[in-house]
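Colleague: Please model the complete structure; the sequences and the hints are all you need to start from.
Chains as they are written, first to last, in the working numbering: chain A, 1 to 797; chain B, 1001 to 1216.
Hints in this document: simulated from the structure, not taken from any laboratory.
If you want a taste of the chain B side facing chain A, the calculated C-beta under 10 Å gives, among others:
1. 1089
2. 1094
3. 1163
Glycine included, C-beta positions come from ideal geometry on N, C-alpha and C.
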Amino acid sequence: MADETRYNWPAAEQRTLIGKRISRVDGPDKVSGKAKYTYDVHRPGMLFGKVVRCPHAHAKVVSVDTSAAEKMPGVVAVYVVQGPDSEIHWAGDDIVVVAAVDESKAADAARAVKVKYDVLPHFVDDFKKPENVAEDKGPLDEDGLISMFRNQVPEQQMIDRINQRGVSFKVDKEMVDQLKQNRVSDQMIAALQAAKYREEGGQSESPYRKEAAISKGDPDAAFKEAEVTSEGVYGCPVITHCCLESHGSIAEWQDSQHLFVHLSTQNVSGVSTEYAQALKIPAGNVHVHQDHIGGGFGSKFGADRWGVYTAEVSKKAGGKPVRVMLERAPELEVAGARPSAYARVKVGAKKDGTLLGWESESWGTGGPGGGGAPPMPYVVNIPNQRKQHVAVLTNIGPARAWRAPNHPQGCLITMSALDDMAAKLNMDPVQLLLKNIQLTAPPDDKYGRANTYKDELMIASDLIGWKQNWHPRGEGGSGPVKRGLGVAIHTWGGRGHASECAITIHPEGSVDIKMGTQDLGVGTRTAILIVAGDTLGLPINQMQLYIGDNQYPRSGGSGGSTTIGGISSSTRRAAVDARDQLFAKVAGALNAKPEELEAVGGSIRVKGTPSRSMSWKDACARLGTQPIQALGKNPGPGDLISSGVGGAVMADVSVDTETGVVKMNKMVTVQDCGLVINLKTAESQVYGAMIMGIASTLYEEKVMDPTTGTMLNPNMDFYRLAGIGDVGELVVHMMTGKGYDERGPIGLGEPPTVGPMAAIANAVANAVGVRVPFMPITPNRVVAALNSANGGSHAGV
Amino acid sequence: MDDRPENKEPDKQKESSAKTSTGVSRRDFLKISGVTAAVPLVNQASALAVADEARELGPGKVPVTLNVNGKKLNAQMEPRVTLLDALRDQFELTGAKRVCDRGTCGACTVLMDGKAVYSCSVLAIDAQGQAITTVEGLGEPGKLHPIQQAFVDNDAQQCGFCTPGFVMATKAMLDQHPHPTPEQVKQLLGGNFCRCGTYAGMRAAVAQAAKNTKGA
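Modeller: Structure below.
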């Protein structure tokens, strides 16, 4: 039975749980308040931490006086996080943490800490188009390298740039391994290894870092050949993650060398290293636990500075448990932001819609680090391109991965530009996409992506009534309320992270599954049980699942839509191995060979002869005293997962041209993701992504005050999310069955979040006849665009 | 665009007793002073008035008795402690969540004498003598309330952090409007926010619960 194909996913007719609609197993705990999140954990003798935060966007700490705070009643420990001479780069950064017997005492003490600052100049304007920016001659940093890969800069151009500029990072073995895993060529790796290492710095005081221009094909000839050109400026601001459970942890020392943390994290198995390095203890001495997490969206991978200082202040408090959960304002100010992106774009096409050329000058900020360029042109790979990106370094606060990093921005800019081109050509934008659909095939396309997009566009058109309801731009009716439709397509990679799953079958028939993963609310628990149950022929409530602890077999962080691929394939391999061990034990009793057996409906039976069977319990009883243990890994034997998905989004909106209010009528997403493990939670993921997309299109913006450099709306009144009445009718269609199932499960966290912003923005343009170029599409922006003869103006352009 | 639900209004009489002459409740005052100390939203006199009024109850811990889910719960706490923090930190009833902590997001919603309130915006001492129902009091795994069951069946939750608040807001809504129109659902659940985006499931859950709780 060494055949690797035994791990293959069961054929459609044999699946008992996979692909069905199954309610999430932790649903009852969540609806009844029984589910314990990190914020809910009460450890015996727990102290409460409060944090003194810097009110300035850019400053140097001159002095910190904690003496008054230390003497206050109830205060147990005070720890200075960033002392004199520390340079602070964003408002809200942590300076001092106080631990006291209750929260109000800790708050009182935090107010008694005196910090003096030397206030430095700050810069928070990422909206103005950078002008007269010199090309960056400094060393290439990791962001710059990743950005070049993402933008598919031709290999020789990349190598030239690495040779010329040198690099600011060490090309160590770990990095080389990672590059190899990502199929980077040996030539490129050699260039990186040979590159001169240069310290960062020496850069000018300017907040702008211009990346070298990227060109492909012959853009000049393309625009000469073009019969129609369309130009526009588009973009979206910095938005925040706004996890409802804020970031934070409870840290306690079991002795001077052993730390126990309850942490709100997307990375249960991986985060101990960060604690270990910061606290100078072995990683194996850091115990991390989390039962439930109240949202992450890409912002909760690290221990973070606050995780480490919670451990530090616990140490000062004699190891007592200390809880530090961020309050709402710092959660929005410092705990995660999606980079902004703006671009001036020119597109050239023939009269029949054939796209020839793309030119873009883009800019955006990811906070003090600048941030990389979004992928453009997005999905539709126009043959001739010239691109220039400027990273804007600001004191807005640090950026973090936000579902599908850089894709929503690239999609908005590209799909807006193509929609404007379609309007100029007097063409239906769906027809423009279909005309150029071959440009959507990725390099080394194995799965016929262009055809998938075509199918998805057709299905979405039917579901939203595109043919009946679409009209040329601006012909949205004669009354003040105009209706319009918009479209966008998107993509993401996926594949599976490294994962280990341990399954034990006990002689009395019970089954334990252990894995150091986490369930972000996407249904990971349920998916593991579905795969194990389908493989072992057991109902999901007959197995015990343990996750959320780094003492269990290691599994990857939940990011990049790699979780379902990782956890489903490690579980499948473990369950197949465990099942086959059981078959070997009972085959004799059933007078059959092990490979003739199957596990179905709580019994082990001979394939084709269901009468020759034995119950699961009886089968397990034959194990004697020795349980079966199997460890499944990803990557591992067999070809269970793949990468690369697409989706089409269509939006139907009504816009009141007198008030500027945009109302969502309906939105449709058609999405492929390979083999669906649980249709119910898969659809929920897509619905959720659409709603997040509506919020980022219509409401969300991290508004910065240029005078003080602080965030003006660090609360949920003015940092507005979408409510139940704001989202309109939502329709999700999953592409399943032949052509999709064979690919194995592919993650869904990212892809459906990408397209909504572009689809809605295009629907608004279709309704009112002019482009509202910048997100969020607030009433004042709609009215301004309508009032402006050229369809909106931009301060810097 | 204000879609604060009507049933979120705390009982009028209680509201007035908790307010100063400026119309700012003590809880609001605490919040305001904590968030933006430099902004003189209340004048000195009213701030003093709050202190005077509170003197008999503080500033140290005072005994507080709450009637939660049919049980009398006693604890010593400072008068400034909110109902939400009392439930969570004193009695380990952590179903109600602390998210915005200023009466916007609804994650802390509980029922007080049958009406939905933001427990982050009610002082524990003011909640004495009223019947408080938290999500734990509605049902538990194995014995879920039809509303909770409907949330499970229709996958009206992802991370689940907003879910207890939505369940309680739904309870208050269906108690008043057993057959809510889509417009009523929009208004009466408009005082809660979900970040994962579970509104499609919630609308289906409300429809199922309205059917199954009929006359109950």
